[in-house]
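A.B. asks: So the protein lines, in turn, are chains A and B.
First residue of the first sequence? That's 0 in numbering that gives the first Met the number 0, and the numbers climb one at a time after it.
First residue of the second sequence? That's 0 in numbering that gives the first Met the number 0, and the numbers climb one at a time after it.
Calculated directly from the structure, the hints in this document are not laboratory data.
Predicted, not measured: the structure shown is a model, and the values here were computed from it.
A virtual CB, placed ideally from N, CA and C, is assigned to each residue, including glycine.
Don't take every hint at face value.
[As the list claims (entries may be wrong)] DEER-style ranges, computed between Cβ atoms:
1. B:A142 <-> A:P407: 31 to 37 Å
2. A:S35 <-> B:G38: 55 to 61 Å
3. B:E228 <-> A:E287: 40 to 46 Å
4. B:G337 <-> A:H188: 41 to 47 Å
5. B:Q334 <-> A:D365: 55 to 61 Å
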Amino acid sequence: MATEEGLVDALRREARGERTLALTLLSAAIAALVLSPVAWILLEASTVGFARAVNLLAGARMVQVLVNSLLLVGIVTGASVVLGVPLAILTSQTNLPFRRFFTVAISLPLVVPSYIGAFAYFTGFGEDGALTAALADAGVAVSLPEMTGLVGTAVVLTLFTFPYVFLSTRASLASFDGTLLEAARTLNHSRTSAFFRVVFPQVLPGIAAGGLLVALYALSDFGTPAIMGYDVFTRILFVNYYDFQLAALLSVQLLAVTAVIIALESAVESGDASGYASSNPDAATRLELGWLKGPALVVCSLVVVAALAVPIVVLVLWLVRDTGQTGFGYAFSWEYGWNSLSVSVLAAVASILFALPVAYNSVTDDGRLSRLAERGTYVGYAVPGIVVGVALVALGSKYAPFLYGQIPLLVFAYVVRFLPQAVGSVRSSVLQVDGRLTEAARTLGHSPRAAFRKVTLPLVAPGIVSGAALVFLTTMKELPATLLLRPGGFETLVTYIWMVQESRHYGKAAVPALVLVGISAISMLVLLSRGGNDVT
Amino acid sequence: MSRNEPKRALEREDPYAQSASSDDVGNPGATDVVLELDGVTKQFGPECAVDELSLSVHDGELLTLLGPSGCGKTTTLRMLAGLERPDGGEVRLNDRVIADGDGRFRKPEHRDVGIVFQDFALFPHLSVAENVAFGLQDRDGDATDARVTELLELVGLDDQRDSKPAQLSGGQQQRVALARSLAPEPSVLLLDEPFSNLDVRLREQMREEVRAILKETGVTAVSVTHDQEEALSISDRVAVMHEGDVEQAGTPEKVFQHPESRFVASFLGQASFLTGHFGHGAVETALGDFPASMVEGLTTEYENAEVDLLVRPDDLRATPVEDGSGGNGEIIYRQYMGPSFVYRVRLESGDVVHCQHNHVTDFELGQRVNVELVADHTIAWYPTQ
Numbered sequence: 000m001a002t003e004e005g006l007v008d009a010l011r012r013e014a015r016g017e018r019t020l021a022l023t024l025l026s027a028a029i030a031a032l033v034l035s036p037v038a039w040i041l042l043e044a045s046t047v048g049f050a051r052a053v054n055l056l057a058g059a060r061m062v063q064v065l066v067n068s069l070l071l072v073g074i075v076t077g078a079s080v081v082l083g084v085p086l087a088i089l090t091s092q093t094n095l096p097f098r099r100f101f102t103v104a105i106s107l108p109l110v111v112p113s114y115i116g117a118f119a120y121f122t123g124f125g126e127d128g129a130l131t132a133a134l135a136d137a138g139v140a141v142s143l144p145e146m147t148g149l150v151g152t153a154v155v156l157t158l159f160t161f162p163y164v165f166l167s168t169r170a171s172l173a174s175f176d177g178t179l180l181e182a183a184r185t186l187n188h189s190r191t192s193a194f195f196r197v198v199f200p201q202v203l204p205g206i207a208a209g210g211l212l213v214a215l216y217a218l219s220d221f222g223t224p225a226i227m228g229y230d231v232f233t234r235i236l237f238v239n240y241y242d243f244q245l246a247a248l249l250s251v252q253l254l255a256v257t258a259v260i261i262a263l264e265s266a267v268e269s270g271d272a273s274g275y276a277s278s279n280p281d282a283a284t285r286l287e288l289g290w291l292k293g294p295a296l297v298v299c300s301l302v303v304v305a306a307l308a309v310p311i312v313v314l315v316l317w318l319v320r321d322t323g324q325t326g327f328g329y330a331f332s333w334e335y336g337w338n339s340l341s342v343s344v345l346a347a348v349a350s351i352l353f354a355l356p357v358a359y360n361s362v363t364d365d366g367r368l369s370r371l372a373e374r375g376t377y378v379g380y381a382v383p384g385i386v387v388g389v390a391l392v393a394l395g396s397k398y399a400p401f402l403y404g405q406i407p408l409l410v411f412a413y414v415v416r417f418l419p420q421a422v423g424s425v426r427s428s429v430l431q432v433d434g435r436l437t438e439a440a441r442t443l444g445h446s447p448r449a450a451f452r453k454v455t456l457p458l459v460a461p462g463i464v465s466g467a468a469l470v471f472l473t474t475m476k477e478l479p480a481t482l483l484l485r486p487g488g489f490e491t492l493v494t495y496i497w498m499v500q501e502s503r504h505y506g507k508a509a510v511p512a513l514v515l516v517g518i519s520a521i522s523m524l525v526l527l528s529r530g531g532n533d534v535t
Numbered sequence: 000m001s002r003n004e005p006k007r008a009l010e011r012e013d014p015y016a017q018s019a020s021s022d023d024v025g026n027p028g029a030t031d032v033v034l035e036l037d038g039v040t041k042q043f044g045p046e047c048a049v050d051e052l053s054l055s056v057h058d059g060e061l062l063t064l065l066g067p068s069g070c071g072k073t074t075t076l077r078m079l080a081g082l083e084r085p086d087g088g089e090v091r092l093n094d095r096v097i098a099d100g101d102g103r104f105r106k107p108e109h110r111d112v113g114i115v116f117q118d119f120a121l122f123p124h125l126s127v128a129e130n131v132a133f134g135l136q137d138r139d140g141d142a143t144d145a146r147v148t149e150l151l152e153l154v155g156l157d158d159q160r161d162s163k164p165a166q167l168s169g170g171q172q173q174r175v176a177l178a179r180s181l182a183p184e185p186s187v188l189l190l191d192e193p194f195s196n197l198d199v200r201l202r203e204q205m206r207e208e209v210r211a212i213l214k215e216t217g218v219t220a221v222s223v224t225h226d227q228e229e230a231l232s233i234s235d236r237v238a239v240m241h242e243g244d245v246e247q248a249g250t251p252e253k254v255f256q257h258p259e260s261r262f263v264a265s266f267l268g269q270a271s272f273l274t275g276h277f278g279h280g281a282v283e284t285a286l287g288d289f290p291a292s293m294v295e296g297l298t299t300e301y302e303n304a305e306v307d308l309l310v311r312p313d314d315l316r317a318t319p320v321e322d323g324s325g326g327n328g329e330i331i332y333r334q335y336m337g338p339s340f341v342y343r344v345r346l347e348s349g350d351v352v353h354c355q356h357n358h359v360t361d362f363e364l365g366q367r368v369n370v371e372l373v374a375d376h377t378i379a380w381y382p383t384q
């Protein structure tokens, strides 16, 4: 049937030619729009003369920033792998007690936005820390170390991003075909040798994928190093955003490091993730821990305490300690919550409106332009939020002063950052709608419009809803672009937390921070219910 | 499964076996023609998928378009459903033009034509009952419910009415698809490779069942397949298609036994050709001389023609030659089919033929045999190419 089907497809494409072209152009326009901040950065950076660029970037301070950033990325990624991979193996391949509990508990730190984790460690540890004080009250006189600088940043980022490695390693272990291991054993390999020659090569791409997410997160995170007072790209960018040329140069450097990380990851050949046949090893093939069981339990428990219990306990401590005394102008108002809610709804709606044509077109048309347009909208995955924010400040103040400091520009920043989530979600649901289904509806007496309403829409709707929900939830906790682009006097939960932690009214941060942790937990549930593994 | 009297339907009434004229393609005299294709053409770019095809479908019959991949059968079906537009010719349903090459085109939703898709295309978000009710939007609630129940009882799935398609087996999905397309009482039901998504065992059972259901409802049906066994076993008539046109249409027996072209002969069953020379009222072949009366339609006007006779494996018998030499051929391949053997024999003349034997008749490769024609029917012939 191949030729016949091919011909039919060709005809359909011809018949729909004009409509498809219009849709493709619309997708391309959307892609161009979300790429515009990156385009501005490249253009602006190119206007800086070479000599001046060298002068700016080769200064001791800027070199230090580059070294700091690379050091941070290296340490956090390495530590995440060291932490995530063994924990993944422990919870999926061995007879560790309470495996189910630990699997969930070790994944949960992802729901703590890293700047809230940083806030908890920064304000909880050290001699005057809330946790140190609480322990002293309870009669435990320990001096918890200060969490600042490189150590504080690395500890916090590792604790709240290593679950990416944990989850992706687990996923590739679960998709590993157990019969391959059996085949290796029958070919005279010991269990250990089979693991390194057969299992490990297959699981490596999964580890690399998790490592990529961690590295990109560590490089692009703004809140943690800012709270910890550690000079990396994002912090310097935030301080210098008004110097457009320097900001552009720093952004280009940051994007270059990002590109190198992505290239490194794709060098690890991506495995074929098709085989989801054997999910978990049965009792017979589980590794026996033996005397290691005790130490393994202690390690797992310590990780859960550090990454989950500490931030929550510190936030609760601040909640209890908050005397209700309001520093001047720092009183919490539920209006901030309402502001967060309304911009997030706007961002969700706008992202879906942008995503629909791009996703639909990428499924129905496989031309080069359509594919490019779809890929283009994924820019938000790789470009740090601070870069989007800085670029839009420059673009807005220069070319669209009527938009600068207004809600629409802020919402556009969210769209640039989170459009990939919406496109991915909508696209996968559009893919599920088989052309035969609409044809079947037509032959059963329904007009094209009725067929769309009764068949296509109900099938696509869940994808649209979950895409919108994801954008909504991630917008709620977005920090850098919100700080840079919010209208004067417009505070959200996130900017309020930022404001009170800068002014050291720590107790005020507890309520909004706990609310945000709750919201993040919901977004995790949405992701899990969708069954997708594109953890963001 | 739940149907207990499929036999009745298999006792085939064959209204066309008697009158040869109604087998003819596009017979204008027949009063019971429901669907008619008249010189229908469909082009995809430079390629002609359907080339001036003409065919009539009679009231209540099950006609199968049979042909290899790319012969245009699926395109023809899609034009009948209104999912493709013809570039030329005319399609008439109940004497009304529903599509032609001049742009007249009735949309699929206004056609009164149902279709069962190859992959069934059940709506995954709707229950079995909602799927069946999908085409009944003109009726009120009670009438819809009654019709849905009627159809589900017909296909034996009344107890699954609230299930989702994903919960059903392949055979059950097919029955739902059938019930869904029958529900609006279409003038013509189309079936696109209806059994190709089922495994072999289920396929045979579903053939029986689908035919029984179609006959019970009396609907006029056109199916499409590349599986000759399926076409021969379920159809009232078979139209063999080749390169966008119908080569021959008729009852399964007629088409199988009296193929009008080499293509039809080779496509249906295993065919070998025996070269011969026609002279003096008989055909001379490697297996001996056969009188013209044994060869269908071979009249004296073809005197001195080189002809190929169609011989099928069951028309021939091979006898081993005792002393290992002599005979008129040699076994060059043996294919064990379970109940039977089919032997490939190279004749002295160079012709290669197939002989079918009982499963206990065990010849060895290289064995010399004597092949003879044992057919008790007339033989088809074609001019040598």
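A.B. asks: Next step is simple, just say for each hint if it's right about the structure.
C.D. replies: Hint by hint, here is what the structure shows:
1. B:A142 <-> A:P407: 31 to 37 Å: 53 Å, violated
2. A:S35 <-> B:G38: 55 to 61 Å: With a Cβ separation near 56 Å, A:S35 and B:G38 satisfy 55 to 61 Å, so the hint holds.
3. B:E228 <-> A:E287: 40 to 46 Å: 56 Å, violated
4. B:G337 <-> A:H188: 41 to 47 Å: The hinted range 41 to 47 Å holds for B:G337 and A:H188, with Cβ atoms some 43 Å apart.
5. B:Q334 <-> A:D365: 55 to 61 Å: With a Cβ separation near 44 Å, B:Q334 and A:D365 fall outside 55 to 61 Å, so the hint is violated.
Hints 1, 3 and 5 from the earlier list are contradicted by this structure; the remaining hints agree with it.
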